[in-house]
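Quick mapping for you: the protein sequence lines, in order, are chains A and B.
Be aware that the first sequence starts at 1, since it is given in UniProt numbering, and climbs by one per residue.
Be aware that the second sequence starts at 1, since it is given in UniProt numbering, and climbs by one per residue.
Because the hints were derived from the structure by calculation, they are not lab data.
We put the CB at the ideal spot given by N, CA and C, even for glycine.
There could be a bad hint or two in this list.
[Claimed, not checked] Cβ-to-Cβ under 7 Å is the rule here; a few derived chain A residues that face chain B:
1) M178
2) D179
3) T181
4) L206
5) L209
6) V412
7) G415
8) A416
9) D533
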Amino acid sequence: MNLDSIIGTFLAESRELLQQMEDALLQIEQSPDDPELINAIFRAAHTIKGSSGLFGYDAIVAFTHVAESVLDRVRAGEVRFDSELIALMLQVGDHLGGLIDWLADGHDLADVSVETRATDAELITCLKRYLEEAPTAATAPQAAESDHTEARTASGETASHHWHLSLRFGADTLRSGMDPTSFLRYMATFGTVAHVEPVLEHLPALDKLDPEACYIGLELAFVSDADQATIDGTFEFVRDESSIEIIPPHSPLTAFASLLQLRQDEGDEQLQRLLRCGSLTEAEWLQLQTPAVVAESDTTSMSTFGSDDAKSDFPTLAAGNTSPASVATTDNAKAAKAGKEAQRGGGDSNLIRVDAAKLDQLINLVGELIIAGANTRMLAQRSGMLEMNESAETLSRLVEEVRDSALTLRMVQIGATFNRFQRVVRDVSKELGKDIVLQVSGGETELDKTVVEKIGDPLTHLVRNAMDHGIEPAEQRLANGKSAQGVVRLNAYHEAGGIVIEVSDDGGGLNPQKIMAKAVQRGLASEGQPLSDKEIFNLIFEPGFSTADQISNLSGRGVGMDVVKRNITALRGTVELDSKLGQGTCVRIRLPLTLAIIDGFLISVGQASYVVPLDMVEECIELPGKGLENQEFLDLRGDVLPFIRLRQLFADDSTPPRRENVVVVRYAGIRAGLVVDQLLGEFQTVIKPLGKVFAQVPALSGFTILGSGAVALILDIPGLLAQVTHNDNRAGLASSQLNQVNHLRSNAQ
Amino acid sequence: MSDITTQDGHRELTLDSALTIYTAADTKLQLVGALQGALELHLNLSQIEEFDCAGLQLLLAVSQEAQRQNIRFSIEGATAAVTDVVQMLGLNGQLPFGGLH
């Protein structure tokens with residue numbers, strides 16, 4: 001693996017982590033004290049810092065470190081997540097995202113723009129405020145708190161002028177290429193190790209000794225002007241598996257009490273080491289042993305020690321980046337962390353990161369396999385050999401399964417995309433000064449990854465639109481008897497082989513008269529044209545249409561909705577709008593599940609074959625022979641069913657057979673019949689796009705290759721159904737379009 | 001190559017170039033073998049050019065084991081690579097060094 005691909009992974013992972021961090025930050029607004037969420041945020045920052053360090057992106061490390069320190073204090077319960085801190089952390093995430101993007105574009109971190117540097121500095125200043133703030137009152141009140149405080153005030157702080165480091169390395173430290181000596185060598189670059197006490201108690205007898213495990217521990221007296229961050233940073237890569245305790249100079253005695261408690265298993269020897277290091281004096285030890293303090297260390301758990309420390313007012317302590325309380329990790333916390341890591345590890349190990357291009361290639365190959373399989377099957381049928389036929393059937397069944405599982409590989413849940421809108425809604429509602437919440441449902445609905453990627457922009461536009469134009473100002477809402485808080489909903493569900501995504505709001509809704517007037521003004525409709533409300537609403541997807549009286553910087557320039565429609569059409573989807581004046585608006589996007597392969601229904605007219613997506617086929621009936629020659633409706637069990645004669649539509653001159661069939665198709669609630677010659681049955685269809693020349697043909701959405709090698713045209717059912725509802729197009733396609741179709745059909749024959 | 005000479009339970013083991021995490025597993029086997037049935041073990045480290053904590057732990061464990069079995073144990077010809085680590089970790093006096101290189 002070369003460095004570029006590793007960096008690529010780093011960038012991708014960092015983006016993912018930032019996304020997780022953002023998601024958690026948005027959730028934490030609702031439950032500010034959820035430890036899971038706080039941990040998730042902390043972990044994201046921590047991991048980004050760690051891996052940036054690996055690649056030597058020091059600017060990111062330095063920046064993230066400050067954020068991490070603040071988060072650490074949040075984790076220790078010293079600082080609480082309020083909306084201000086959430087906003088700050090969101091900015092931190094954005095800034096990091098910016099740096100990551102900068103790296104992804106192949107730039108050097110040293111060359112970042114002046115603005116980026118300014119943001120960096122500004123954010124650090126804001127973050128530092130959380131670190132300097134005296135950690136008071138933030139923690140939950142504890143019983144007997146006052147007693148303890150008194151006891152500790154008596155115990156005071158230590159006299160030592162040096163840092164005390166208590167290091168117990170994880171067993172795998174040596175194996176992972178770290179060596180305690182290398183830490184000492186590194187520390188010598190920014191300070192002096194005044195005294196070293198080796199800890200050998202954990203060294204087993206020779207026959208039990210694992211020669212590659214690390215048993216040696218160290219107690220160090222370290223004289224340095226470096227800040228805690230630098231010293232902390234030394235142990236970045238072993239911190240997780242090791243027990244690293246760092247006690248700044250002049251720390252309260254309790255810090256050492258905690259340390260002794262933590263190293264309880266080493267007994268008196270550890271105390272002697274502390275004394276030999278000079279980090280603790282005999283007098284101080286005696287003071288520590290005064291009953292009050294001892295009682296405290298007996299009754300209070302380690303974690304209480306931590307928070308108690310934090311509450312005591314030791315200015316030197318607060319000046320450090322992190323208090324020893326937060327450095328000292330409790331056994332409990334560690335166990336919990338280990339559990340979580342394990343969980344995470346379990347989840348990760350079931351996932352493989354695959355280049356999307358490889359998946360595309362696989363899908364393409366499966367497509368070719370289907371075509372080749374269809375050919376084999378046809379030849380087998382033609383040969384009349386029973387066994388051959390059977391084998392071909394088995395083969396095609398397997399190919400079908402392979403197709404399905406290959407396609408599910410590309411399926412992703414839309415939830416992640418939806419959740420991204422929490423941020424959009426949050427930001428936009430701040431910007432607009434409206435109180436709006438986003439409600440998400442149907443996030444588990446799956447669809448093709450390529451579709452998910454491409455749906456983001458249109459959705460953003462629709463959501464912004466709903467917030468800007470849909471939701472009324474609070475006063476108006478209250479006047480209309482609604483709650484002041486507006487709601488924007490995102491919903492997704494499966495329907496007839498496709499997915500439907502709804503963006504709805506409970507705002508003012510659309511006024512059909514107003515839209516009609518505007519449409520007439522813009523020349524999109526003519527005065528007095530009889531249009532249903534639905535048709536009028538959908539006029540806003542026409543190019544150059546905007547109803548906003550006032551153009552805001554979010555939307556209202558009239559370039560939005562038609563672009564939305566174009567993007568969705570490009571995905572073979574459709575978009576429609578529903579609105580009730582005063583009650584709200586709902587934009588419904590229908591998308592095919594996948595872009596590559598579908599189950600088709602093969603039909604023929606004359607010599608040409610056509611494919612209808614099977615999901616849209618409701619039933620097939622025989623065309624009643626008499627009395628329909630010039631009619632375009634038939635009676636389907638009492639319902640009126642409009643139909644289209646494909647022969648007429650494509651101007652096929654061949655003689656119709658004696659019996660014709662009707663394929664009843666349904667899409668988006670509209671039902672119609674297609675009159676065809678023959679029904680050829682189910683067919684796995686690999687969709688091949690038509691060339692640009694044929695892009696204007698409305699009735700076709702692509703073509704496919706049959707087993708015989710012939711071409712079958714895929715009918716664009718939504719397009720055809722739209723024609724059924726617009727009577728004027730009934731006569732058939734325009735002559736230029738027909739020429740194109742004829743050209744295609746002659747190829748197909 | 002490491003080299004061991006034996007004479008009436010009096011053994012001298014010379015370790016070659018490296019005593020690190022990479023060689024620790026093999027070296028341990030050699031040392032355990034050398035201790036077996038020995039009355040005296042002299043370890044010659046004059047060839048050691050690389051030395052780390054894994055090596056150090058091994059020496060400490062051998063030293064303790066020798067003490068437990070009443071085997072006379074000494075280390076000879078320790079190179080700077082070895083003594084640096086020993087000094088850095090404050091282990092002077094913990095290992096029976098003799099005849100410093």
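Do the hints match the structure? See the list:
Among the interface hints, the one on M178 of chain A is violated; its C-beta lies about 9 Å from the nearest C-beta in chain B, farther than the 7 Å criterion. Look at D179 of chain A: its Cβ gets to within about 5 Å of chain B, closer than 7 Å, so that hint holds up. A least Cβ separation of about 6 Å between T181 of chain A and chain B falls short of the 7 Å threshold, and the interface hint therefore holds. Interface hint at L206 of chain A: satisfied, since its Cβ lies 4 Å from the closest Cβ of chain B, which is below the 7 Å cut-off.
At its closest, the beta carbon of L209 of chain A sits 5 Å from a beta carbon of chain B; the interface hint therefore holds under the 7 Å criterion. Given hint, V412 of chain A at the interface with chain B, is violated; its Cβ is 43 Å from that chain's nearest Cβ, farther than 7 Å. Among the interface hints, the one on G415 of chain A is violated; its C-beta lies about 46 Å from the nearest C-beta in chain B, farther than the 7 Å criterion. Residue-level restraint check for A416 of chain A is violated (minimum Cβ-Cβ distance to chain B is 43 Å; threshold 7 Å).
Of the supplied interface hints, the one on D533 of chain A is violated, with its beta-carbon coming no nearer than about 78 Å to a beta-carbon of chain B, more than 7 Å.
Comparing the model with each earlier hint shows violations of hints 1, 6, 7, 8, 9; every other hint is respected.
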